[in-house]
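Whatever position you read off the sequence shown (first residue = 1), add 93 for our numbering.
Hint data in this document are derived by calculation from the structure and do not stem from the laboratory.
The structure presented is a predicted model; accordingly, all values stated were derived computationally and were not measured.
A hint or two may mislead.
Stated by the list, open to error - Now the in silico label distances, taken between C-beta atoms and shown as ranges:
(1) V121 <-> G324: 45 to 53 Å
(2) A600 <-> A298: 53 to 61 Å
(3) M474 <-> A298: 37 to 45 Å
(4) G368 <-> W581: 35 to 43 Å
(5) F413 <-> A298: 21 to 29 Å
Beta carbons: idealized from backbone N, C-alpha and C, even for Gly.
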Amino acid sequence: MVAEFLKLKFALLANTFNRTAKQNAGIVVATLVGLALTVACVIALSSLDAGSDEARTAVILGGSVVVLAFIVVPLVSSVPDPLDPRRFALFGIPAATLARGLAIAGAVSVPVVLTLVAAVFTVPVWSENAATTLLAVLAALIAVATIVLASRVAALIAAVGLSTRRSRETAGLITVLLIVLASPAVVLWFSVNWGRDGSGLVGAAADALSWSPLGAAWALPADVATGVSGGEVTIKLLISLAFLALLWLSWRALVARVLVTAQRSVPEREHANLGWFARTPSTRSGAVAARSFTYWARDARYPVPVIGVFGFLVVVFLAFVIAGIPLTYLVLLTVPALCATLAFSVHNDVALDNSAIWLHVSASRVGFADRLGRVVPVLAMGVPLIAVGSVAAAFFADDFEALPALLGVSTVLLLAGLGVGNLLSAVFPYPAVRPGDGPFSQPQVGGGTGFVVQIAFVLLTTLFAAPSVYYAILGLLGDESAFWPSLWWGAGAGFVVLIAGTVIGGAIFDRRGPDILAAALRN
Numbered sequence: 094m095v096a097e098f099l100k101l102k103f104a105l106l107a108n109t110f111n112r113t114a115k116q117n118a119g120i121v122v123a124t125l126v127g128l129a130l131t132v133a134c135v136i137a138l139s140s141l142d143a144g145s146d147e148a149r150t151a152v153i154l155g156g157s158v159v160v161l162a163f164i165v166v167p168l169v170s171s172v173p174d175p176l177d178p179r180r181f182a183l184f185g186i187p188a189a190t191l192a193r194g195l196a197i198a199g200a201v202s203v204p205v206v207l208t209l210v211a212a213v214f215t216v217p218v219w220s221e222n223a224a225t226t227l228l229a230v231l232a233a234l235i236a237v238a239t240i241v242l243a244s245r246v247a248a249l250i251a252a253v254g255l256s257t258r259r260s261r262e263t264a265g266l267i268t269v270l271l272i273v274l275a276s277p278a279v280v281l282w283f284s285v286n287w288g289r290d291g292s293g294l295v296g297a298a299a300d301a302l303s304w305s306p307l308g309a310a311w312a313l314p315a316d317v318a319t320g321v322s323g324g325e326v327t328i329k330l331l332i333s334l335a336f337l338a339l340l341w342l343s344w345r346a347l348v349a350r351v352l353v354t355a356q357r358s359v360p361e362r363e364h365a366n367l368g369w370f371a372r373t374p375s376t377r378s379g380a381v382a383a384r385s386f387t388y389w390a391r392d393a394r395y396p397v398p399v400i401g402v403f404g405f406l407v408v409v410f411l412a413f414v415i416a417g418i419p420l421t422y423l424v425l426l427t428v429p430a431l432c433a434t435l436a437f438s439v440h441n442d443v444a445l446d447n448s449a450i451w452l453h454v455s456a457s458r459v460g461f462a463d464r465l466g467r468v469v470p471v472l473a474m475g476v477p478l479i480a481v482g483s484v485a486a487a488f489f490a491d492d493f494e495a496l497p498a499l500l501g502v503s504t505v506l507l508l509a510g511l512g513v514g515n516l517l518s519a520v521f522p523y524p525a526v527r528p529g530d531g532p533f534s535q536p537q538v539g540g541g542t543g544f545v546v547q548i549a550f551v552l553l554t555t556l557f558a559a560p561s562v563y564y565a566i567l568g569l570l571g572d573e574s575a576f577w578p579s580l581w582w583g584a585g586a587g588f589v590v591l592i593a594g595t596v597i598g599g600a601i602f603d604r605r606g607p608d609i610l611a612a613a614l615r616n
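Between the sequences and the hints, there should be enough to build the whole structure, so can you do that?
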């Protein structure tokens with residue numbers, strides 16, 4: 094039976110290029126990149142001093158990255174698996190036989206073969222004697238078997254667990270959150286003095302990974318060659334074998350499960366009420382606000398960009414910390430930055446409606462209600478943020494004298510940003526991700542309009558917030574009497590710009606309704 098699966102896999106590989114020219118070109122480029130990386134790894138391994146600490150660090154770090162890649166890539170990739178166990182459910186093959194055959198067939202792939210080549214070239218690095226050579230061969234085999242099973246398990250989990258659009262969007266949102274949480278590591282990476290501290294940090298990372306399932310197998314011959322105690326080597330051998338056994342048992346269990354489980358479908362939900370439509374006023378603007386609340390709660394296209402911008406702000410703040418800017422100022426900047434990020438979310442929300450915008454265009458004179466209703470969810474998030482966040486920021490910064498300025502700057506950035514966004518989204522809607530697509534998809538229509546609109550939003554919002562920011566800076570520089578003018582300017586300018594942007598944007602929406610609908614249909 095294993096031979097039949099291998100024949101099937103070779104047939105699939107032989108038909109790899111029976112696709113469109115664009116797809117074939119992508120396959121060729123990916124293969125060439127893989128070959129280039131493999132050649133680079135082989136050259137790097139050949140240049141290492143056999144049995145040295147530097148060789149140990151390089152092999153453990155590189156091997157751990159490879160194992161992690163074979164786990165992560167199948168989880169985030171949307172490419173269907175031609176050897177999905179569910180495709181063989183009607184053939185009556187025992188689950189154990191199917192799991193074994195598909196696992197062996199999974200080893201016949203370009204990435205696995207290239208990894209095997211690189212693993213083979215790690216053997217000479219530890220070939221000081223027969224014992225280390227045999228251990229290096231064993232470690233390479235364990236590592237290759239681990240990546241094969243890990244990729245199979247990850248691919249099947251992704252195929253089963255991420256089969257619905259909702260689950261994929263949730264996974265994408267989690268990915269963005271993880272990237273945001275990991276962003277400090279990027280800044281810290283560039284802040285390290287690698288000439289002075291680099292070798293110690295890299296060595297410490299290799300030591301930590303050698304005790305993990307990612308690097309335990311790669312560390313076996315390296316530890317023996319560099320004089321690590323036999324007890325530690327034995328424990329790491331057990332870790333690598335236990336992880337391999339866990340992957341095999343998980344693979345067998347998953348295959349047995351999916352063979353007798355119906356393909357996952359989106360469950361039908363019974364709604365007991367009208368949701369947000371029952372909570373908002375029975376007016377035009379209330380209906381638009383209810384739609385917007387629903388989108389923010391269910392459509393990942395709304396929160397994901399905001400989280401992405403927040404991640405960028407985290408990186409910028411960390412860069413400021415490394416540059417030596419006092420932490421007090423950064424704490425005070427947190428709430429205004431979040432308010433500006435929230436306001437940015439409405440500058441193109443008309444385009445996110447896509448063809449559904451015809452509901453508003455076909456109605457008579459709903460521009461003002463459309464503009465007003467769209468900002469209600471953002472205000473519902475932004476106003477508590479300003480009220481609670483400003484007090485918290487002043488507390489942690491130990492500077493309650495700056496609270497009025499903090500309230501003023503945050504208010505003007507939120508309200509003026511919403512007013513500017515209401516105006517720009519009616520005048521210059523640009524292509525956005527279509528409904529039903531993931532938040533990381535790209536619009537079907539390109540162009541530079543989006544960049545220009547975003548720059549215009551930043552410049553106009555900054556212009557209207559400038560007086561409040563000016564007085565806030567004066568207060569922080571020592572003139573505490575300037576904090577209150579910052580609040581009055583911020584609140585006044587913010588309300589004026591919000592009202593003006595909503596009224597003017599509504600009038601433009603009524604006049605340009607057909608053009609807005611045409612722009613949405615062209616996306």
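Against the structure, the hints:
1. V121 <-> G324: 45 to 53 Å: Once the Cβ atoms are compared, 49 Å apart, the range 45 to 53 Å for G324 and V121 holds.
2. A600 <-> A298: 53 to 61 Å: 59 Å Cβ-Cβ, so the 53 to 61 Å window holds.
3. M474 <-> A298: 37 to 45 Å: For M474 and A298 the Cβ distance comes to about 39 Å; the hint holds.
4. G368 <-> W581: 35 to 43 Å: Holds, since G368 and W581 (Cβ atoms, about 39 Å apart) stay within the stated range.
5. F413 <-> A298: 21 to 29 Å: Since F413 and A298 have Cβ atoms about 26 Å apart, the given range 21 to 29 Å holds.
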